[in-house]
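These two chains come separately, so use the hints to put the complex back together.
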Amino acid sequence: MSIFEYNGSAVVAMVGKNCFAIASDRRLGVQLQTIATDFQRVFKIHDKLYIGLSGLATDAQTLYQRLVFRHKLYQLREERDMKPQTFASLVSALLYEKRFGPYFCQPVIAGLGEDNEPFICTMDCIGAKELAKDFVVSGTASESLYGACESMYKPNMEPEELFETISQALLSSVDRDCLSGWGGYVLLVTPTEVQERVLKGRMD
Amino acid sequence: MECVLGVVGRDFAVVAADTSAVQSILVHKTDEDKVMVLDSHKLMGASGEPGDRVQFTEFIQKNLHLYQFRNNIPLSTAATANFTRGELATALRKNPYSVNILLAGFDSDVGASMYYIDYIATFHKIEKGAFGYGSYFCLSLMDKLYRPDMSVEEAVDLVDKCIKEIRLRLVVAPQNFIIKIVDKDGAREYARRADTSNSPSDAATVTA
Numbered sequence: 584m585s586i587f588e589y590n591g592s593a594v595v596a597m598v599g600k601n602c603f604a605i606a607s608d609r610r611l612g613v614q615l616q617t618i619a620t621d622f623q624r625v626f627k628i629h630d631k632l633y634i635g636l637s638g639l640a641t642d643a644q645t646l647y648q649r650l651v652f653r654h655k656l657y658q659l660r661e662e663r664d665m666k667p668q669t670f671a672s673l674v675s676a677l678l679y680e681k682r683f684g685p686y687f688c689q690p691v692i693a694g695l696g697e698d699n700e701p702f703i704c705t706m707d708c709i710g711a712k713e714l715a716k717d718f719v720v721s722g723t724a725s726e727s728l729y730g731a732c733e734s735m736y737k738p739n740m741e742p743e744e745l746f747e748t749i750s751q752a753l754l755s756s757v758d759r760d761c762l763s764g765w766g767g768y769v770l771l772v773t774p775t776e777v778q779e780r781v782l783k784g785r786m787d
Numbered sequence: 083m084e085c086v087l088g089v090v091g092r093d094f095a096v097v098a099a100d101t102s103a104v105q106s107i108l109v110h111k112t113d114e115d116k117v118m119v120l121d122s123h124k125l126m127g128a129s130g131e132p133g134d135r136v137q138f139t140e141f142i143q144k145n146l147h148l149y150q151f152r153n154n155i156p157l158s159t160a161a162t163a164n165f166t167r168g169e170l171a172t173a174l175r176k177n178p179y180s181v182n183i184l185l186a187g188f189d190s191d192v193g194a195s196m197y198y199i200d201y202i203a204t205f206h207k208i209e210k211g212a213f214g215y216g217s218y219f220c221l222s223l224m225d226k227l228y229r230p231d232m233s234v235e236e237a238v239d240l241v242d243k244c245i246k247e248i249r250l251r252l253v254v255a256p257q258n259f260i261i262k263i264v265d266k267d268g269a270r271e272y273a274r275r276a277d278t279s280n281s282p283s284d285a286a287t288v289t290a
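In order, the protein sequences belong to chains A and B.
When we follow our numbering, the leftmost residue of the first sequence carries the number 584, and every step to the right adds one.
When we follow our numbering, the leftmost residue of the second sequence carries the number 83, and every step to the right adds one.
A portion of the hints provided could be inaccurate.
[To be verified] Pairs of lysine-lysine residues, derived as DSSO-like cross-links and limited to a Cα-Cα distance of at most 30 Å, are as follows:
| id | chain 1 | residue 1 | chain 2 | residue 2 |
| --- | --- | --- | --- | --- |
| 1 | A | K681 | B | K176 |
| 2 | A | K783 | B | K226 |
| 3 | B | K226 | A | K627 |
| 4 | A | K712 | B | K176 |
| 5 | B | K207 | A | K783 |
| 6 | B | K226 | A | K681 |
| 7 | A | K712 | A | K737 |
[To be verified] Label pairs and their calculated CB-CB ranges:
| id | chain 1 | residue 1 | chain 2 | residue 2 | range |
| --- | --- | --- | --- | --- | --- |
| 8 | B | V234 | A | G696 | 50 to 60 Å |
| 9 | B | L174 | A | K627 | 22 to 32 Å |
| 10 | A | Q778 | B | N177 | 28 to 38 Å |
| 11 | B | R274 | A | Q648 | 33 to 43 Å |
| 12 | A | N601 | B | V192 | 36 to 46 Å |
| 13 | A | P738 | B | P178 | 38 to 48 Å |
| 14 | B | N177 | A | T775 | 44 to 54 Å |
| 15 | B | E271 | A | K627 | 37 to 47 Å |
| 16 | B | V136 | A | N601 | 56 to 66 Å |
| 17 | A | Q648 | B | P178 | 15 to 25 Å |
| 18 | A | E779 | B | G168 | 21 to 31 Å |
| 19 | A | E779 | B | P178 | 31 to 41 Å |
| 20 | B | I107 | A | K712 | 35 to 45 Å |
| 21 | A | K600 | B | G268 | 52 to 62 Å |
Derived by calculation from the structure, the hints in this document are not laboratory data.
For glycine and all other residues, C-beta sits at the position ideal for the given N, C-alpha and C.
Pulled out of the complex, with its shape left as it was, chain B reads as follows (with noise of 0.2 Å):
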């Protein structure tokens, strides 16, 4: 039931996750950042097996800052992409990482961009995208609703919506969501979505 969506605007890219760890049954966790900064430019929204998810993100963001530190200059987005999806590709026939991922980017030349990269390391570079039982919904949404030159907060509107129809008709939904933002001032958290309307976050014996 994980989600990852993305959005690319005018000069920058939203790439938002829900924050649910849950393992059958059970929800180990309900703040789990799946949006990875991978450096200062540079956002990957990962969905999947939980082990593969944190162990591939962070082998392409410390592989990210190796070429850095051996070249002095960070790595362009789609050579990022590019990168990732080789990974993916030469261990789908070895040893395969479920992940599915979204990169997103801005580079000074080219501006925002953002890349799909499915677990089997298909790989396009698209405006919008969503993973998960989640994108059934917010495609579609994205398709209407999008426009290729939005404003911030149009584009925040726009996954705010998606968040919405997540919740309500996907069952099971998650409820707490995590955005972030990348643009020339770089990749950081946006903002949260938590929904605090039904039921407790507390433990049941926490003394009221």
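Excised from the complex, chain A in its bound form (with noise of 0.2 Å):
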């Protein structure tokens, strides 16, 4: 079994209009075997930037733990928030670092950006960015949720309409990955409010 499906995981964001959604699954597992169905896998590192980190659970969280450091000190020294743009490539470069002992980790990065415009990207687990204009998926249902999500995407969706796009694609995805699952966790962003709710879905 591969080191990213040691913990079994799902993530997914997408682009609405003047707003995202960024998604994921609540199970723990160690390869067969389920110790959690609560487990955090989207991270808040500012009011409107997310990261949701997929893969080896360890290095999810030791990753989100250097990315609030590095996201903190920068705060202390421009007094201000960072560009989701920027802490993408600030995730990139971390990762890169560690280009031959790398983070088991594959991020999922949402945020709004200059003029509340939003921004999605994801990368693999060596910093290779990949921007999208729609939507991106990561985890070990990332094959299922391409799917999902490419059938149920529209472009310039409302909230409430993101947001049961989003829940759909993600519970749809995961019943076919036995690794994801056990419910989801959706945060939804506009530019005045943070809405976050958890689904019930197959509890398997």
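And the structure:
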């Protein structure tokens, strides 16, 4: 079994009209065994920037701690929050530093940039950035997620419709993946508010 | 075949572990204490490579005491758990420890809490958990029988059911267990469970 499939994960982010949504599953497993059903994979960097980390859970936690550290230093020095594009470059650099002994994570970054323009990107475990205008996926359920998102996505969705779409895409994809699931966690971010919701899907 | 399991109840946490020290086919001893009392209100149940287990848990215990000496205040359970996780994570890509840990503690502001920290430093706060082959039997038992505000008797009863299942269904199962509890009155040994039914524990040369 691959090291990326050790814990099991599914993360997806989608762009809507002046908003974005980022979602993940909630399972923490150790290969075939489920340890917890409330594991957090999407983390806040600042009010308008979130990162979802799929892959090996320990590396996701270590990487998140390093990123928060770097962002807090940035905030102290620059006296402002990081732009999503800048943060994506930071993550990419941190990952490539470990080119020959990498963190086994695939990040999904989602944020509202200048003029509240939504920004999403993903990268592989050594920091190869992939910008997208519509949606990005990662994790053990990524193939299913690609299919589900491609068919369900429409550009310029309003927040409510975006939430519905990303939830359905996530739940239907993790249902076809034994290593991810046990519910979903969806964060919908608009320029004025952040909505967190926990989804109940097939609890297996 | 080592098993460590733990359960959080109403203002207390219980951590149990088997007490066998085994190397290949040899049983070194049957009364090895694998649940270390870190300080007055913390328990650390550990399983894994014997040398790593003892060295790492003692390392955490001594660092905890050092913090208390320096700062005149004990570290909270959450902080201890995060420190432990940090040490495992730092060592992971250099000289990894093969120790799985269930850390339980009682803080006056938060109550009882338990943390799952596996050997690759995966960190998660849990209410019920288990490590080892025994976990395949215990976790589902706990899922069925655990309730969030169990009393001490109910929690120990659940642990006893898990022990019974391990003894019955695990090949080369450890027979003896130690159960420790941590609550507002501190961390202490609660009970030992020894199976005296079949095999004799004395050496063959002991005169009857």
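These are the hints, each one checked on the structure:
no. : hint                         : result
1   : A:K681 to B:K176             : holds (14 Å)
2   : A:K783 to B:K226             : holds (19 Å)
3   : B:K226 to A:K627             : violated (34 Å)
4   : A:K712 to B:K176             : holds (28 Å)
5   : B:K207 to A:K783             : holds (21 Å)
6   : B:K226 to A:K681             : violated (43 Å)
7   : A:K712 to A:K737             : holds (23 Å)
8   : B:V234 to A:G696: 50 to 60 Å : holds (54 Å)
9   : B:L174 to A:K627: 22 to 32 Å : holds (25 Å)
10  : A:Q778 to B:N177: 28 to 38 Å : violated (45 Å)
11  : B:R274 to A:Q648: 33 to 43 Å : holds (39 Å)
12  : A:N601 to B:V192: 36 to 46 Å : holds (39 Å)
13  : A:P738 to B:P178: 38 to 48 Å : holds (47 Å)
14  : B:N177 to A:T775: 44 to 54 Å : holds (49 Å)
15  : B:E271 to A:K627: 37 to 47 Å : holds (42 Å)
16  : B:V136 to A:N601: 56 to 66 Å : holds (57 Å)
17  : A:Q648 to B:P178: 15 to 25 Å : holds (18 Å)
18  : A:E779 to B:G168: 21 to 31 Å : holds (27 Å)
19  : A:E779 to B:P178: 31 to 41 Å : holds (35 Å)
20  : B:I107 to A:K712: 35 to 45 Å : violated (53 Å)
21  : A:K600 to B:G268: 52 to 62 Å : holds (57 Å)
Hint compliance for this structure: hints 3, 6, 10, 20 are broken, all remaining hints hold.
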